[in-house]
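Novice: Since chain A is already given, all that's left is putting chain B on it; use the hints.
Chains as they are written, first to last, in the working numbering: chain A, 1 to 234; chain B, 1001 to 1219.
Some hints could be false.
Think about it this way: if two alpha-carbon atoms lie no more than 25 Å apart in a straight line, the pair counts; the simulated BS3-like pairs of lysine-lysine are [claimed, not checked]: (1) K1054/B to K172/A; (2) K1050/B to K195/A; (3) K172/A to K1050/B; (4) K195/A to K172/A; (5) K190/A to K166/A; (6) K172/A to K190/A; (7) K1054/B to K166/A; (8) K1157/B to K1172/B; (9) K1054/B to K190/A; (10) K1050/B to K190/A; (11) K1050/B to K166/A.
Here are some of the chain A residues that sit facing chain B, going by a computed Cβ distance under 10 Å [unchecked claim]: (12) G46; (13) I73; (14) S76; (15) A112; (16) V164; (17) A211; (18) R216.
Computed spacing ranges between beta-carbons, pair by pair [to be verified]: (19) W1092/B to D213/A: 32 to 38 Å; (20) Q170/A to F1091/B: 39 to 45 Å; (21) K166/A to L1090/B: 41 to 47 Å; (22) P189/A to T1082/B: 49 to 55 Å; (23) P1023/B to H42/A: 24 to 30 Å; (24) A1022/B to D213/A: 25 to 31 Å.
Because the hints were derived from the structure by calculation, they are not lab data. Ideal Cβ placement from N, Cα and C applies to all residues, glycine included.
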Amino acid sequence: MPAPSLVSCLATALYAARAFREHSTRSRDPGLSINLSDSTAHIAAGLAERVTRGDTAAEEALVKRFQRGVMQILLSETPDRELARDLAQETFVIVIQRLRSGPLDDPLRLAAYVAQTARNLLIAENRRFVRRKTRLDPDAVDAAADDTAHQELAREADSAAGVVRKLLAQLKSERDRQVMVRFYLDEEPKASICKDLQLSDLQFNQVLFRARDRLRQLLSTAGFQQRDLLCFAL
Amino acid sequence: MIDRGQVLEQRWAERYVAGQLAPEEIREFEEIMLEHPEVLEQVEHVRTLKLGLKTLRDRGELQELVGVSTRNTQWWFAAAATAVVCAFGLFWLKSSEAPPILAASIDQLTTGRQHVSATNDFLIARTRGAEAIAIEASSADPVVALRILAPASRVDKAHHVELFRGKELIAKVDVIPGGDYLPVYLDTSRLESGDYSLRLTTADEQAPPMTYPLHLTHK
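Same shape as in the complex, but just chain A:
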């Protein structure tokens, strides 16, 4: 792996400055006013630089930093966890190869680059699936069905159901349990739930906050991290 050149370091600095200006402008956009933390973006940019310099520890750190998030991005588009795992691995292979080949145009946007790579892979996979779909042989698909994936999905569903069952049992108010079901499962609008259950915005937020806080405690008490439930290890 070649050592980073002075030119590439300068380019990184220039891109960082430009990205910072762009980000500052974007943060003022009232339509989407979320402030990215400069510190986290700079940490990621530092990782990208280290990968470019050939630091394998940085590659590992990069994977560790983004793997759960990448999995969530992929799971937002596909329920197939095996596919999501495969695509996540491909994502990191592509990102690391890209960084090894040279610095990103905008290292401060490494997270955006990782996310977009994952999405592109998923889009490509979906296109391939659509193409294959025209030649699908149902019998062959059944025969080739991977029972392991179903078992894993069932285990994850069991784990989630167990945690949520305990959570519902801990919610003493029927109203709070109704909020959970209507908001998270039925995806009913907040305004509609508040009106029906005569809740203020504050009360609604408190219900969700308390429920999620208890969920966090339950997951912690159960001795497993969230990644054990819905994520993967490379």
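Specialist: Coordinates of chain B only, in the frame set by chain A:
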């Protein structure tokens, strides 16, 4: 720092998992999620909740879990409502209850009505011939005072006084002797003219009952 308040307030994690964000918002949110573990954790929690709730619903457990204490609540609510209704009913019955026909004091007879006085006062004593005591009442003065002379051996004992018409018990009252006699007040406005009898027994039922015949007429 990320504006965590906005992410929470606008429920970006929930909207993201529900697929309710616009493409540009998705791109922005995913970038934030990758950089901020607390936002990622929210997304994971939301997904766990959805998966758990869906699994429970698919298994037919959800309704019971959401409604377990619903039934308890409903039971308690029903019990409380019943108690309130009963209390109200008793109060209504009590308040709307007709004043007694027979009472140990005139105040008990006048409950809920304008004050009345017993202008007619009858001393009732047991006679050997057991003739009926004639009581003449008027609508203007319907309450009559009956002072029943009790045997000397009973003057210090509480008594049950019962009013019969034939064999039908019309009214009864417990009375403490007031001196040498038992004071009883009778509301004649609620009685038809005719023959009645007062039956007197001691509360301890050690002495045999004594009966006093009455004949009531309205002016």
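Novice: Could you run down the list of hints and mark each one as holding or not?
Specialist: Cross-check of the supplied hints:
Distance hint between K1054/B and K172/A is fulfilled; the C-alpha atoms sit about 21 Å from each other, no more than 25 Å. The hinted pair formed by K1050/B and K195/A meets the criterion: a straight-line CA distance of about 22 Å does not exceed 25 Å. Restraint check for K172/A and K1050/B: the C-alpha separation of about 20 Å stays at or below 25 Å, so the hint holds. At roughly 21 Å between alpha-carbon atoms, K195/A and K172/A fall within 25 Å of each other, so this suggested pair holds.
Simply put, K190/A and K166/A have alpha-carbon atoms about 24 Å apart, close enough for the 25 Å limit, and the pair holds. Distance restraint check for K172/A and K190/A: the Cα-Cα separation of roughly 21 Å lies within the 25 Å cut-off, and the hinted pair is therefore satisfied. Under the criterion of a C-alpha separation no larger than 25 Å, the hint pairing K1054/B with K166/A is consistent with the structure, at around 15 Å. A hinted pair counts as satisfied when its Cα atoms are at most 25 Å apart, and K1157/B with K1172/B qualifies at roughly 17 Å.
Of the pairs offered as hints, the one joining K1054/B and K190/A holds, with about 19 Å between alpha carbons and a cut-off of 25 Å not exceeded. A hinted pair counts as satisfied when its Cα atoms are at most 25 Å apart, and K1050/B with K190/A qualifies at roughly 16 Å. Taken as a hint, the K1050/B and K166/A pair is honoured in the structure, with Cα atoms around 14 Å apart against an allowance of 25 Å. A least Cβ separation of about 13 Å between G46/A and chain B goes past the 10 Å threshold, and the interface hint is therefore violated.
Interface restraint check: I73/A against chain B, minimum CB-CB distance 5 Å, threshold 10 Å, status holds. Using the Cβ-Cβ criterion of 10 Å, the hint placing S76/A at the interface with chain B is satisfied: the shortest such distance is roughly 7 Å. At about 4 Å, the closest approach between the beta carbon of A112/A and any beta carbon in chain B falls short of 10 Å, and the interface hint on this residue holds. Below 10 Å, beta-carbon pairs count as interface contacts, and V164/A has one with chain B at about 3 Å; its hint therefore holds.
Restraint check, A211/A versus chain B: the minimum CB separation of about 8 Å is within 10 Å; hint holds. Taking 10 Å as the C-beta contact cut-off toward chain B, the hint placing R216/A at the interface holds, the least distance being around 7 Å. The given range of 32 to 38 Å is broken by W1092/B and D213/A, whose C-beta atoms sit roughly 49 Å from each other. Judged by the Cβ atoms, the range 39 to 45 Å given for Q170/A and F1091/B holds: they are separated by roughly 41 Å.
Checking the proposed 41 to 47 Å range against K166/A and L1090/B shows it holds: the Cβ atoms sit about 44 Å from each other. For the pair P189/A and T1082/B, the supplied restraint of 49 to 55 Å is violated, since their beta-carbon distance comes to about 37 Å. At roughly 27 Å, the beta carbons of P1023/B and H42/A sit within the given window of 24 to 30 Å. In this structure, A1022/B and D213/A meet the distance hint of 25 to 31 Å, their C-beta atoms being roughly 29 Å apart.
Of the numbered hints given earlier, the model fails hints 12, 19 and 22; all others are met.
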